[in-house]
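Please arrange chains B, C and D with the ligands on chain A, whose structure you already have, making use of the hints.
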Amino acid sequence: MSVFDRPYDDPVRVLDEDGAVVGEVPDVDDETLVDIYRQMRLARHFDARAVSLQRQGRMGTYPPLSGQEGAQVGSAAALGDDDWIVPSYREHAAGFVRGRSLKRTLLYWMGHPDGNRVEDGVNVFPVAVPIASQVPHATGASWAASLRGTDEVFCCYFGDGATSEGDFHEGVNFAGVFDTPTVFFCNNNQWAISVPRARQTRSATLAQKAEAYGIDGVQVDGMDPLAVYRVTEAAVEKARDPEADRPRPTLIEAIQYRFGAHTTADDPTVYRDDDEVERWREKDPIPRLEAYLRSEGVLDEERVAEVESAVESRVADAIAAAESTARPEPRELFEHAYAEVPSELERQHEDLAAVRESRGDAAFLEE
Amino acid sequence: MSVFDRPYDDPVRVLDEDGAVVGEVPDVDDETLVDIYRQMRLARHFDARAVSLQRQGRMGTYPPLSGQEGAQVGSAAALGDDDWIVPSYREHAAGFVRGRSLKRTLLYWMGHPDGNRVEDGVNVFPVAVPIASQVPHATGASWAASLRGTDEVFCCYFGDGATSEGDFHEGVNFAGVFDTPTVFFCNNNQWAISVPRARQTRSATLAQKAEAYGIDGVQVDGMDPLAVYRVTEAAVEKARDPEADRPRPTLIEAIQYRFGAHTTADDPTVYRDDDEVERWREKDPIPRLEAYLRSEGVLDEERVAEVESAVESRVADAIAAAESTARPEPRELFEHAYAEVPSELERQHEDLAAVRESRGDAAFLEE
Amino acid sequence: MTETQNLTLVQAVRDGLYTEMREDDDVLVLGQDVGKNGGVFRATEGLFDEFGGDRVVDTPLAESGIVGCAVGMAAMGLRPVPEIQFSGFMYPGFDQIVSHVARFRARTRGQFTVPLTLRAPYGGGIRAPEHHSESKEALYAHEAGLKVVIPSTPHDAKGLLAASIRDPDPVVFLEPKLIYRAFREQVPEEPYTVPIGEAVTRREGDDVAVFTYGAMTRPTLEAAETLAEEGIDCAVVDLRTVSPLDREAIVEAFEATGRAVVVHEAPKTGGLAGEITALIQEESLLYQEAPVGRVTGFDVPYPLYALEDYYLPTAARIEDGIREAVEF
Amino acid sequence: MTETQNLTLVQAVRDGLYTEMREDDDVLVLGQDVGKNGGVFRATEGLFDEFGGDRVVDTPLAESGIVGCAVGMAAMGLRPVPEIQFSGFMYPGFDQIVSHVARFRARTRGQFTVPLTLRAPYGGGIRAPEHHSESKEALYAHEAGLKVVIPSTPHDAKGLLAASIRDPDPVVFLEPKLIYRAFREQVPEEPYTVPIGEAVTRREGDDVAVFTYGAMTRPTLEAAETLAEEGIDCAVVDLRTVSPLDREAIVEAFEATGRAVVVHEAPKTGGLAGEITALIQEESLLYQEAPVGRVTGFDVPYPLYALEDYYLPTAARIEDGIREAVEF
Ligand SMILES: Cc1ncc(C[n+]2csc(CCOP(=O)(O)OP(=O)(O)O)c2C)c(N)n1
Ligand SMILES: Cc1ncc(C[n+]2csc(CCOP(=O)(O)OP(=O)(O)O)c2C)c(N)n1
Ligand SMILES: [Mg+2]
Ligand SMILES: [Mg+2]
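Protein chains in written order, with the working numbering: chain A, 1 to 367; chain B, 1 to 367; chain C, 1 to 328; chain D, 1 to 328.
Everything labelled a hint here was simulated from the structure, so no lab data went into it. Please note: incorrect hints may appear among the correct ones.
Claimed, not checked - From the structure, some residues in chain C lie toward chain D, with a derived Cβ separation under 10 angstroms:
hint, residue
1, ASP95
2, GLY274
3, VAL300
Fair warning: this is a prediction, and the values are worked out from it, not measured in the lab. Built from N, CA and C at the ideal position, the CB exists for glycine as well.
So that you can see chain A by itself, here it is in the shape it has in the complex (with noise of 0.2 angstroms):
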């Protein structure tokens, strides 16, 4: 039986709180569990050091991800390796799984330009900031490689406050109709900064949004690694390989919860109470996989501790990396407009050339 034929409302589920096992555990080796735990440690510990850096004024606004490692480790280690994320941006540890670096996502919430760029080979799209205005870019990139006949899978994460917008519901149909190779993952972290999930929509699951694209949709527990990589590689496997009558996308909404806040610029307990963080703490995703792990004799003290020093010393290289990135010429902002720069932006190149080149660069920026 397919794991997308249950109520809406039953989430796919393999490891209980404690991390006992109480679902089918997928069908990986061990390196593959034990690397779905390290890029969750990697997330983490990448979130806690972003968010200490914006304090220190050393990086702007930060979205933090702790809380929802299992949803984006996990899904997106279940992807095949020509296959696509197309984020929002929140995803900074789905793109590390996928080969973003961790500098360059540094550098994006530094301001530096090159932090929009990705590594050569990596299949991830740009961070898509207006919620929502992926949705439409991942069904047509999924789209464009079913008709030139690839086997690449598009997985386009999103929240649950996105599932309101035009774009979720105009992306999400268009997929339906052309049956094309898309994942829509919904990263339901129950809050839309301060606007909770009751509150988005009447109806009482996500995932039931499918029936209105004729779609398959599915709960799963989010905070669930191994649940995640589960529902994800059925959604994979049947965009790539469709079953005669099961349409090739998915809805996957991924209950989880965001433990920080909204961004570095927002507080939440302003919104909500500390009782309900502590209760989906209770939830954290990486003790739970942890547990498992050692109860299966994967990981013990030692590789953890290995684990920990890995990832932080890859952290702290990158920070080193991206502060050590060299500003951005302003020249910059005329090149990339367009693919030649036209006369008239030229001329405001030299304009501005002309500025600096009197004035000095401290005619721009603050001390």
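Here is chains B, C and D with the ligands on its own, set in the frame of chain A:
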């Protein structure tokens, strides 16, 4: 049991194609039934005359509604006196039922600005041409009514194609969240110009899109005016006076067919078969209701003839009135952009007036 | 005597909302995070507690829904004040703004009107993520039926907001977030209005008229002070309303000197500086002693913030632009 | 020898699509009713039969979906040519156009590009229902990263469309539907391009330069002929591309006479005539003998069609505008 408690693909029915009773006849007096019949005849005749006016160059592009009278008249007749309709561009018949004049409807399609005014005391929103854009208006207007504690219900019309637009999604979703007294009435006439219903969305029914918003969704035979009446009446009742857990808004999918072209600018033979049209013509709402009313003894040859001639003279009078309406004055252009005409716009008006003064209207109007 | 409070611009916005809501029960605010959270910039702080969830409404995340519902409300006689969280997110609601907000009145010869006030924090300079720094007022100024207001001081912010809410026409009210908290000003506690459509002279001067608005008013005044030391005497006119433009004030200030510069942070091509230049030469070519200078953002997508200081007009660029107009 | 066909503008568009699709398998068209129906103006007639449903795609009724999917396709290397049925329905897709189409390249330093060509019939004058007569090219011209092309002849339509489809940058391609079938012209059967960004002089003249584009080219030429009888000799420059503007051509034509008029059907305030005026006085104030005239649509929502003849610039209004510039 509520009329909404049924599978999405099980349309509410009252009369079969021959006018035989196959469901619960709404509890209304004979005059109401005859009125529904009369209004359908009026709309059908208006439609034929409008198409011919367009052919003769006496009117611009016009969207015919033949075949859709049952849905429009049945629904509009089920509303209370103070309720509102929020139409698209094709709901002339619903407008007539609510008191919109034939003359102004003609003027609208003749491009006369008076066509966009609604008669005083008539609760009809202006025509909305951008598809689905009226859906959030209906939500907002009905929300305003409920904030003010009035009892008004708003019935919003749109097509099958409209369900693909972001505005449909956003508008209905808001209605669910704010539990507004709105009836979302989808005239699923099987085609959005040349795009068939199946190409709009992969969902098996449009009614089931209600799942996405946590509201009731229901299909109805849209060519059965009594079934439409019944389901609309129930939706209005629920909107006005909801049961405990039941959401106030409802999505109604009225299955129907447009017999004619999308508009007079369209040639449907390019994209659909005559056979299909013929099959649907057998469901024509007018003979169906007529057969039922004759079998009930409510209508006879004489009353039918009476209706016919009354309808013909009403339409003829309206055409005469519309065609004898004075051309709008060019100053109209400038008067209503703002409550007060800004100085620059006043100047623009003066410029135009000066050219007319010196050149005469011949400088503007092709013979 | 009028009581005043020493408020920042964003506090004045909040105060304007508060006093208008108190004055008129038909006024309500709706948008993302405007309720309990008080708005991401705190522009609606405390209003939820004061007026309750029916009048201070957290909406789902959908701009077209927000604007479209506000259209329906306004058509029924309410005075909605929808907030779009950042002006860069007005585009998903653009169809509602252009196709409906701007033309409900004209279409129906005044029978249906939608006197809503669409607020959004706007402009750059706060080290924000992508799409959070737009200044595209020209898009709205090109739409007949809309008024477009951009305050530059706390006092004006409250008064213009009140005027906008009371105005029979829909108003796009863009709040320069760079100066949301840049300075304070005495703002009357009681309700008052500042008229829409009237520019104000922030500095008198005989050599050149500089037209600006919003956050650019401050660096422009700064440039004017610097230039004063060199003996160049700038008049600085804060337009406050960019649609309809205060043509009379623009023409008058221009004709007094025969030289002008327009400063805005929006991209140059198709920005309002072009429109203002055109209207000046249309009305006053014979007075013109120099080309009207344009000191504006560049014709590029707004950059990530490491480059925004180069994108935005600075006092130095404004000075140079003015000097060029004076020395022509 | 080159074979030619005698085509209308809309037939030339169709032919341009056809030849580009034949040349390049990556080109595909998508939109409402573009398939079996061949487009509501027949601009895609026969393409469905020729290239099949994978390359000539009828989409659901959702403009943001159409543009947004085209972004995804283009980013993956296809050359989508989305059609929006009328330019008045581009607004629901405006966020995708502004937030993504215009800036994918800049954001990613050229790593991701979206070389799509967004076609839409545009402009007034055909007795169409509401919202079907928009001319809001200024909105797109204000967006850096977009090119905006508006042909006025069948020959240019095919060549500019081919150039747009092959262009590495996204192009908004607006087709003046008033002249879709107004006249025919010999159009080469084989593929060719007309360069984007180059204006063309449609009529030489020594007294005044008149700049226009799209459907207004014809009444402008008509006005020029009438004025010629009075001894007023107009140069008529068809801009063809409104972003980026052919500044060099504009300046040159202007400086030759010192007088100019800009004609467009878009509303005056914030329209491109203002931008063109500003650039002329920026570059060539010392040549200027008269204010640059603007003969444009009025600052009102486009009216229902009974009044559209008064809204649109006519040869008579254009004549008067030119006369004013010449007699100043
Ligand atoms: C179109 C648009 N509107 C508003 C915003 C401002 N905004 C940024 S994040 C956010 C909430 C998003 O909530 P959700 O989709 O649940 O994602 P999450 O942040 O919880 O991951 C809002 C309103 C935006 N970025 N884009
Ligand atoms: C936003 C928008 N896009 C496109 C159009 C052009 N158009 C007019 S009617 C129509 C089809 C509408 O189909 P449907 O919603 O099923 O309504 P119907 O005409 O069948 O009643 C289209 C595409 C439009 N009016 N508005
Ligand atoms: Mg969320
Ligand atoms: Mg339809």
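These are the hints, each one checked on the structure:
1. ASP95: holds (4 angstroms)
2. GLY274: This interface hint holds because 4 angstroms falls under the 10 angstroms limit.
3. VAL300: OK, holds: VAL300/C within 10 angstroms of chain D, min 5 angstroms.
In summary, this structure violates none of the numbered hints.
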